[in-house]
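Please model the entire structure based on the sequences and the hints provided.
The chain contents come next:
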Amino acid sequence: MAAILLASCAKQKPGSEFVVKIGSVAPLTGPQSHLGKDNDNGVRLAAEEINASGLVIGGKKTRIEVLSEDDQADPRTATIVAQKLVDEGVNGVVGHFNSGTSIPASRIYSDAGIPQISPSATATTYTGQGFETTFRVVTNDRQQGEALAKFAVGTLHARTIAIIDDRTAYGQGIADEFEKDAKAEGAALVAHEFTSDHATDFTAILTSIKGKNPDLIFYGGMDAQAGPMMKQMRNLGMKMAFLGADGSKSPEFIKLAGASAEGAYASAPGLPLDKMPGGKAFVERFTAKYGKIQLYSPYSFDATMALVNAMKQAGSTDPSRYLPALSKIKMDGVTGPISFDSKGDIMHGAVTLYQVRNGSWIALP
Amino acid sequence: MDTFLQQLINGIVLGSIYSLVALGYTLVYGIMGLINFAHGDIVMVGAMVTLTVTRLLANSGLPGPLILGIGVLTAIPACMAVGYLVERIAYRPLRNAPRLAPLITAIGVSILLQNLAMMLWGREYLSFPQILPAQTMAVGGASISTIQLVIVASSCIMMAGLSWLIRKTRLGNAMRATAQNPEVATLMGVNVNTIISITFVLGSALAATAGMMVSAYYGIAHYDMGFILGLKAFTAAVLGGIGNIEGAMLGGLLLGVIESMGAGYLGTLTGGIMGSNYQDVFAFFVLILVLVFRPSGLLGERVGERP
Chain A
1 MAAILLASCA KQKPGSEFVV KIGSVAPLTG PQSHLGKDND NGVRLAAEEI
51 NASGLVIGGK KTRIEVLSED DQADPRTATI VAQKLVDEGV NGVVGHFNSG
101 TSIPASRIYS DAGIPQISPS ATATTYTGQG FETTFRVVTN DRQQGEALAK
151 FAVGTLHART IAIIDDRTAY GQGIADEFEK DAKAEGAALV AHEFTSDHAT
201 DFTAILTSIK GKNPDLIFYG GMDAQAGPMM KQMRNLGMKM AFLGADGSKS
251 PEFIKLAGAS AEGAYASAPG LPLDKMPGGK AFVERFTAKY GKIQLYSPYS
301 FDATMALVNA MKQAGSTDPS RYLPALSKIK MDGVTGPISF DSKGDIMHGA
351 VTLYQVRNGS WIALP
Chain B
1 MDTFLQQLIN GIVLGSIYSL VALGYTLVYG IMGLINFAHG DIVMVGAMVT
51 LTVTRLLANS GLPGPLILGI GVLTAIPACM AVGYLVERIA YRPLRNAPRL
101 APLITAIGVS ILLQNLAMML WGREYLSFPQ ILPAQTMAVG GASISTIQLV
151 IVASSCIMMA GLSWLIRKTR LGNAMRATAQ NPEVATLMGV NVNTIISITF
201 VLGSALAATA GMMVSAYYGI AHYDMGFILG LKAFTAAVLG GIGNIEGAML
251 GGLLLGVIES MGAGYLGTLT GGIMGSNYQD VFAFFVLILV LVFRPSGLLG
301 ERVGERP
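Residue numbers (my numbering), protein chains in the order written: chain A, 1 to 365; chain B, 1 to 307.
Everything labelled a hint here was simulated from the structure, so no lab data went into it.
Even glycine gets a Cβ: it sits at the ideal position worked out from N, Cα and C.
Keep in mind that a hint or two might mislead.
Here are the simulated SDA-like pairs of lysine to any residue, each with C-alpha atoms no more than 25 Å apart in a straight line [said to hold, decoys possible]:
id, chain 1, residue 1, chain 2, residue 2
1, A, Lys212, B, Gly141
2, A, Lys180, A, Glu146
3, A, Lys239, B, Leu8
4, A, Lys239, B, Gly141
5, A, Lys183, B, Gly271
6, A, Lys255, B, Arg55
7, A, Lys330, A, Ile57
8, A, Lys180, B, Tyr278
9, A, Lys212, B, Asp2
10, A, Lys239, B, Ile144
11, A, Lys292, B, Met118
12, A, Lys212, B, Leu269
13, A, Lys212, B, Ile12
14, A, Lys292, B, Ala58
15, A, Lys212, B, Met274
16, A, Lys212, B, Asp280
17, A, Lys212, B, Thr3
18, A, Lys255, B, Gly122
19, A, Lys255, B, Thr146
20, A, Lys275, A, Thr155
21, A, Lys180, B, Gly275
22, A, Lys180, B, Thr270
23, A, Lys212, B, Tyr278
24, A, Lys239, B, Gln135
25, A, Lys328, A, Leu55
26, A, Lys255, B, Leu132
27, A, Lys255, B, Leu66
28, A, Lys328, A, Val56
Some chain A residues judged to face chain B by a derived CB distance under 10 Å, without partners named [what the hints assert, rightly or not]:
id, residue
29, Gly30
30, His34
31, Lys37
32, Ile164
33, Glu193
34, Ser196
35, Ala199
36, Asp201
37, Lys210
38, Gly211
39, Lys212
40, Ala224
This is the structure in structure tokens:
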């Protein structure tokens, strides 16, 4: 029987393969391009591995084609590339990278009925819009903000806190969640300052915070700002604790902050790479092809796998036919078990806290 | 009081960088009435070249200030060359074209330089090696770091040098003559093309120094850093009176201090209604206010439109 199947496969011409298009959207240029490329590589690795092992959906031999788009981390560009992907007839989308881009794009995918799984958008509003096609494989900011506040007040014993955010959907979202939860834990907020996701000069706001001398500074934003911010903080002689969220927790942060990075804290959704069920094997496969993992490539890998598994279960690549299978999916991914709640959020999302020690991020117990 | 002093120092440091860049805008505008929008990107080239050289030498065992010196001495000729080429290729053929044409070309050159830098140095933020000691001096409760001193001192020296060059030398005479009336200057034996080239080269040298300062101070450089910086410096030049050398210096310093103070005190002054998110709004508000009462800037003179 197997021999017959193999023989029939062999007879099939390579050109007659069925193609399923998966869109991968992230900022591939600009300050966050290293993170965006990381996500894109996760999708590509998944597609290559699936193609190499042979994919059959609904009895038809199928090949995955990845369509990568650059949204420049810009909400307006995000809607343009989302529409472009819809017009090109993608079967599913992994992305976008940022919350600020995933949210406006989700309406376009929802209107077209195309499932979208973000590997990294953590803002609570992303899945709170009531779209059936919107999913994420990463812990959201409400859960993360709560864990960060518990850590700041409970573990680090911070009584007074200053917050800086970059006024993006992500930065402001996580900062607001943190502020709310930290106040609930009993800490006093002494300042809430603002910057932008293109800023490099933080001396003015840091000086103003310095005058209020808080126990801890929390930054809601990305590593390209967090790194220089930490450096400028130490140059100003500010010795208080620095806490960031997942956007700050990258090797890039340490590179940019240099020696000043030592002792910084940050959280990240999910488990540390070496504690992920499939982490070790993933690191080997990924680094062999693309080099160092930045942040979310294991998640974009899992998001791609979830889309393809749902297609396999439904026996169809038609978005309307495999969407029900996707919302009920249960699979073991690299990052842990993948299944979604009624909103499209990942179930049992974990949060881990890290500290920079001797020039690298170490997971705190 | 400590905080106030510290914000003032921050502002002066930021302002002296703005001043250097603003001088580049003002020099070119004064001589040929062109707003060179690619000037900010020449600052970026200066930052990138300094960064590359510094990275190469970071582990050579040479003392930090020397490495930074070598870096900026490499960046200055590199930027001078870029400035010269930009003028020669993009602006000179349009010397007698309608005013809008060179303006559009300037924006084109800016995009071109950014994309070339992206290809050469990549898209990520590049970190500047910590080569200067991070030690700070305490002055009346505020702290001043070595790099801040270097920035203010070298920018003062460069500005003084430029003033001397414009006021006291034959070259300066020729530049002022060209600014007043290119045709008459030609009749007096001034080679206007050479003077314009020299102006661009001078502005680019200042830009290279500013690029070194920005990247060493903030510890970071990337390919599109020139855009916002250029815009701020242009604002500073307009604030002081575009075309006026002292105006650019004053405008730069003023804008730096206003921004610093705005970010530091806006929240307290307005009772939390406007926070540091209005930092830039505040700076532009001051600009508009100045332009309402002095349309040609703080030190600018009212001049008739050029024929």
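- Against the structure shown, which of the earlier numbered hints fail to hold, in ascending order? Per hint list: zero violations.
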